[in-house]
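Got chain Z; can you put chains R, S and L on it based on the hints?
Residue numbers (my numbering), protein chains in the order written: chain Z, 1 to 501; chain R, 502 to 602; chain S, 603 to 769; chain L, 770 to 1450.
Take these hints with a grain of salt, some might be off.
Cut-off 30 Å, straight-line C-alpha distance, at most; resulting in silico cross-link-like pairs (DSS-like, lysine-lysine) [claimed, not checked]: (1) L:Lys878 with Z:Lys311; (2) L:Lys878 with Z:Lys449; (3) L:Lys1129 with R:Lys601; (4) L:Lys1129 with L:Lys1238; (5) Z:Lys449 with L:Lys930; (6) L:Lys1129 with L:Lys1226; (7) R:Lys601 with L:Lys1424; (8) L:Lys793 with L:Lys878; (9) L:Lys793 with Z:Lys453; (10) L:Lys844 with L:Lys793; (11) L:Lys1225 with R:Lys527; (12) R:Lys601 with S:Lys629; (13) Z:Lys114 with Z:Lys30; (14) L:Lys1420 with Z:Lys449; (15) L:Lys1225 with Z:Lys449; (16) L:Lys1348 with L:Lys1327; (17) Z:Lys449 with L:Lys1348; (18) L:Lys930 with Z:Lys453; (19) S:Lys629 with R:Lys527; (20) Z:Lys217 with Z:Lys311.
Since the hints were derived computationally from the structure, they do not count as laboratory data.
This is what each chain is made of:
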Amino acid sequence: MGLLSLATFFPLLGMVLILFIPKKNISAIKIVALVTTFLSLVLTSYMWSQYDYSLHGINMESQFQFVEHFSWIATYHIEYFIGVDGLSFPMVWLSSLLSFLAIIASWNIPKAQKGYFSLFLLLATSMMGVFVSLDFFLFYVFWEVMLLPMYFLIGIWGGPRREYAAIKFFLYTLAGSVLMLLAMLAFYFNVTDPVTGGHTFNMLHMFDQNNHIGLLKTFDGRFWLYIALFIGFAIKVPVFPFHTWLPDAHVEAPTAISVILAGILLKMGTYGLIRISYPILPDIARYTSYALAVLGVINILYGAFVAMAQKDLKKLVAYSSVSHMGFVMLGMAVFTEAGINGAVFQMFSHGIITAMLFLLVGVIYDRAHHREIDGFGGLAVSMPVYTGIASLAFFAALGLPGFTGFIAEAMVFIGAFPVYRVLTIIAALGIIITAGYILWMVQRVFLGKLNPKYENIGDINTRELSMLIPLGILTIFFGIYPMPVLNMMKMSLNYLLTLIP
Amino acid sequence: MIQLNSFLIISAIVFSLGLFTVIYKKNAVGILMGVELILNSVNLNFIAFSKYVDVHINGQLVAIFIIVLAAAEAAIALAIILNIYRDRANIDVTQLDEMKH
Amino acid sequence: MEANQILFIAIALLTVLSAAVVAFSNKIIHSAFALLATFTGFAMLYVYLSADYLAVTQIIIYVGGILILIIFGVLMTHKIYSTTKKTAHNSILVSLLGGVLAAGLILFIISLNPWAANIAKDFSPTTAVIGKEILTNYLLPFEIISVLLLGALIGAIFIARQEDKEK
Amino acid sequence: MIQTALFIWLLPLAAFTIQILFGKRLPRKGDWVSITAIGISFVLAISLLIQALTHYDPEFVVTASIPWIDLGSFKINMGIYLDNLAIIMLMVVTTVSFLVHVYSLGYMKGETYYNRFYAYLSLFSFSMLGLILWDNLFGIYIMWELVGICSYLLIGFYFEKDSAANAGKKAFITNRVGDFGFLIGLLIVFTSLGTFNLSEINLGVSQGMLSGGLLTAAGILLFAGAIGKSAQFPLHVWLPDAMEGPTPVSALIHAATMVAAGVYLMARLSFMLSFDAMLVVAYVGGFTALFSATIAITQNDIKRVLAYSTISQLGYMIMAIGVGAYTAGFFHLVTHAMFKAGLFLASGSVIHAVHHSMDKIGEHGDPNDMRNMGGFKSKMPITYLVFLIFSLALSGIPFFSGFLSKDAILGGSLAFALAQHNPIHFLLPVFGFLAAAITAFYMFRLIIMTFYGEPKKPKLFEHIHESPKTMTIPLLTLAFLSLFFVYTIPSINPTTGEGGWFYHLIEKPVSAVSTQLGHAVYQMTEHAEHLAHVSGLMISIVLALAGILLAFAFYFWKKIDVEALTEKIKPLYLLSLNKYYIDEIYNATVIRGLLIWNDFLSWFDGAVIDGLVNSTAWIVRNFSVLDGLFDTYVVDGLVNGVGSAVSAFGKSLRKVQTGQIQNYVLGAVLGTAIIIILTMI
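Just chain Z, with the same shape it has in the complex (with noise of 0.2 Å):
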């Protein structure tokens, strides 16, 4: 039992403890769930000092760290293969980070808490397990896994119209995992294990070019296979016409779990792209690159312009976590070091950034039960210090220097920019409009006239406030400093892009 598979599976220890735990002793299940999620934290900040920056670990096993292999199901060659490198590892640490601060953030949720406390375990444990294997039948089992939680979390103790949101969430991601389960099966049929010379589902054999027989030698079969897989992570990142189910969800679904949903996993999807459709299909990623960009700059600008006409201050932000991620799309497509290596940072800075924003919308929410941002005004009187802190958290998802928002967004521009001028231009202009819907939120909500109806709002609690000063401080670190997370993406992503054509 590796230290890879103890911090992956802790929650779901966690979770079986709670589950013995009777319903009515609340406090001791919220503790087991504290602890369980911090030791997992514990044990990721650990293997972080361990981790081994030289390694670079894309398609080598030899090269990936914290590895596991074991056969699983002998008879279709699915081995439970687990191992971290500098493209997983950022996300790795990060989920283990936010499920830690959202079981603090759903400390006083109000109804069934043994159930909410234990489904959240389970979604924890498998988003770490998306991140951390390497097989990609057990890449899909956590997959599934996770969604089962997110649908009961959303449609149970979400907002009013929570069963519509659930279930559209279920069903798109559904569809979209159905396309991957397809493209997975074709995978499987058409790539020879080396060793064994039978069928495989190890992605590294996969990532072998030279594996492939059959329906992946040929352009069509490449091509269409790519669309699929594309079309699955598409869903979850989301992509432009994909991304409906986003706001919906959000809106209805509990702060502790918007924090999961934005912050981890919309990353999945872009992970994915880059985990398996870049290595395996590197030509056709080449070929799509330009489609990618635009529909990247799309996101970027389409999901400014509607977080600007929101009344709903969660669908704004949500609008905006789909506004960052076409940065994260832009910088894919481009394939240039500064381009994907902002990408990926960008990934694990909007992680940190809309984790602080929705646990900000938790916090009013929370004391004044509505989310129109109208319906606010003034709260920089009555709320100073949590006023503060907003406008930090909001500062930094407008990409102000300082804060990783900026850096990552300036690296994805500097990457695309020689590739797609054009395109890189057009988005460019993101960053004015992201400036405006920020800033007329920012105005409503907090400056202005105090709204009486707020005048005894109580400022932000400690609880709240120790959600919300890790993550301050990682932003500023990390947007000062960013060096200690890419060095450890740069090797990884470097030599990825040696394997493109």
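For chains R, S and L alone, coordinates are given in the frame of chain Z:
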């Protein structure tokens, strides 16, 4: 000499007359008579064949059995007819149709 | 051969016509008596077929037994007023159809008869042979028929009894 | 050297962090923390200046850099680039910032968020100093945006007032539009030269790696950043609204430092400006100078007048850079920083006094409005004196610093026009001289309306009194710095700054573009320059005096009836009063257009895409309903049909059982007959 066919013709005619009587007569006893005619024509056939074709006289033996049977049958039939008559004061076969659908 | 031939034809005509009377007469009593003529006709035919024992049994059982029964039946079952009221028979056409159809078929089959040209064997008394046959080859049918007769008798008595029904 | 520069830079940041975290709990709300920090920086800056003066070498440069982001082929190093230009800018920023900090002690006393004000001031100083010190464009861009956010925070300081919050937002977004241009320019430079470092860029451009149309585009786009920050023509709308912020802020940010950042950037990048780019810069500068001067004439709010005058003066500096008068432009930046900051602080003390007296008499009016002032000369002697000095400097009257720098610019533009074979370029000096005249006119209109004549509101007038010491001392120091000899120390000649230390230290850098093209952008013969300079001198003095006389005629001696004149040129007057309706145009087109577009997209998102998703769900649901119907009627129907057919058939068969036994016999006979016939055939 008298050929077999003539006997067959006679029994055929009497057989059809017997059959005709069974269908034609409404009176139960009439039907009984018809049946008797049929049986007799059959006997005639048997005996004719035992005379002209059969080396042995099996035909006549069967005829004997038929005659015995005919007697028994007539007795039973008349007993039934009497009962019906006692019940319904007439023995018109067309009215004995309780076995209708 | 003429005398024999003529006699045979006469006997044949007697049986057939009396059978026709049985069939077509409206009064049941007339047909009962016509039946007597038919049975005796058959007996005579059996003589032609050298079936002497049978001719006699025919006369005894049919004429002596069955005919009497039928006549009793006729007399006991019809009241004066009942026979005149309803037509005593079904539609003649349908019945004729049945009879003519049967006759046609049988005559057609007879025409195919391969043994038409056989000549008759000479006369020989058959009673002894019959007696031997009954007690040897036909012993089983003989026993069965006797049991059957017994059953029939008991049945007839049982069905026709009068007294305990009233009780 | 580098350590001192680092200290100067990081001290305000330290003050900011302390202030933000513990501001409330510190004694006197921690204002002393910021003041000491900026004070030390001020002293260090002076020491740097002294060192530069001792070196007295125009080529004096000290740099140091450390790797920041290193992604294999893509590297960004961060470092300090300290040359005379930077040292003087440091000097300017720290002095004005220090004086504003001291001034705010008095002005901001008793404000609710007193500590937060000082925190923002320190943050601003930090980012402004950073902008000066960084050695690469990427770093400058970072500081550029930080300065923008500080101006947002400071403008929106009285955030309870919607107008202030709006002004802050407007400022930031307009700056962001400028930054967009800056970013694209930055990207062009990086993609073609592979580096952000200024000296490497200089090298790259001179080697011709970035040339022709792309170079011009890069130059213009980087200038777009300057337009946004220094409030030049298209993006100037935010500066007048920025007056919503407290006056010390306006003085520091919107007069001296931040708005000068654009000019500083252009100065830094003048080596890479191709000729066309220079032309664009010159014309934008010139036009802005004249354009905003015309608006300033009709404004009634003191701070609005000063704001438009700032835009006009910035136009001058940008034009100077554009026409190649590099040293003159930068010189004007320095002098302007001093007297414009002074002007704002002086107007601040006037407003402060009016505000207090209004509180006393319980009248609610706009303290900035000049119309209810008048005759303050007797009540506020020091403020009046200082105000007079600054106005004279600004109008370009000899013996004052403004004259030296503005005259140099006008001379430069004249020389530029003369050197060009195309007469159209004479437009630039015409812009310049006209603006100079109008500047003099509106400055003295302001002085007359506030200080001379009889008080328009006697009740208000009684309670006016001189501002406290903490406010007047900075004013006096700034007044001293506006005198001419401060800048021409070695030579006393009041007519030109040539002999001064300033002209010696600041040399026009060799233009990389010219070396690349193999010929100087334009030759300026010695004689032509001298001629232009002398004639420029004469014209500017005449025009300034004319402006002043006109102002007195209009407002003091009331020779010309002002109301009648405004009636006659009513449309022109209204046009100028309402700032050529530019704000309204922007709102109508850009902002409302954007909002409509957003609502459309949001509707599109909801109706069309969601509609698609929901309609597929609807179709599937209805299909299943149809499927159900088909199932019950067709399939079941079939089964039931068979059943009923059989029973119907059975019923018809029943009739055969008539009960007539004879029929059955007949049936049997017919049956056998048929069978026999069939076998026979």
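Against the structure, the hints come out as follows:
For the proposed pair L:Lys878 and Z:Lys311, the alpha carbon gap of about 39 Å is over 30 Å, so the pair is violated. The suggested pairing of L:Lys878 with Z:Lys449 holds, with an alpha-carbon distance near 22 Å, which does not exceed 30 Å. In summary, the hint linking L:Lys1129 to R:Lys601 is not supported, as the alpha carbons are separated by about 125 Å, beyond the 30 Å threshold. For the hint linking L:Lys1129 to L:Lys1238, the alpha-carbon distance of about 21 Å falls within 30 Å, and the restraint holds.
Note on Z:Lys449 and L:Lys930: the hinted pairing holds, with a Cα-Cα distance of about 7 Å set against a maximum of 30 Å. Note on L:Lys1129 and L:Lys1226: the hinted pairing holds, with a Cα-Cα distance of about 14 Å set against a maximum of 30 Å. For the given pair, R:Lys601 sits about 9 Å from L:Lys1424 by alpha-carbon distance, which is consistent with the 30 Å threshold. For the hint pairing L:Lys793 with L:Lys878, the CA-to-CA distance comes to about 14 Å; that is within 30 Å, so the pair holds.
Among the hinted pairs, L:Lys793 with Z:Lys453 is consistent with the structure: their alpha-carbon atoms are about 26 Å apart, no more than 30 Å. Taken as a hint, the L:Lys844 and L:Lys793 pair is broken in the structure, with Cα atoms around 42 Å apart against an allowance of 30 Å. Pair hint L:Lys1225 plus R:Lys527 does not hold up; C-alpha atoms about 146 Å apart against a cutoff of 30 Å. The straight-line distance between the Cα atoms of R:Lys601 and S:Lys629 is roughly 28 Å, inside the 30 Å bound, and the hint therefore holds.
Between Z:Lys114 and Z:Lys30, the direct Cα distance comes to roughly 8 Å. Compliance with the 30 Å bound is thereby established for this hinted pair. This hinted pair does not check out: L:Lys1420 and Z:Lys449 have alpha carbons roughly 90 Å apart, beyond 30 Å. For the suggested pair L:Lys1225 and Z:Lys449, the alpha carbons sit about 33 Å apart, so the restraint of at most 30 Å is broken. Taking the CA atoms of L:Lys1348 and L:Lys1327, the gap is about 26 Å. The hint holds against a cut of 30 Å.
Annotation: proposed proximity of Z:Lys449 to L:Lys1348 holds, straight-line Cα distance about 28 Å (limit 30 Å). Pair hint L:Lys930 plus Z:Lys453 holds up; C-alpha atoms about 18 Å apart against a cutoff of 30 Å. A distance of roughly 11 Å separates the Cα atoms of S:Lys629 and R:Lys527; the hinted pair therefore holds under the 30 Å criterion. At roughly 51 Å between alpha-carbon atoms, Z:Lys217 and Z:Lys311 are farther apart than 30 Å, so this suggested pair is violated.
Violated hints, listed in ascending order, are 1, 3, 10, 11, 14, 15, 20; each of the other numbered hints is respected by the structure.
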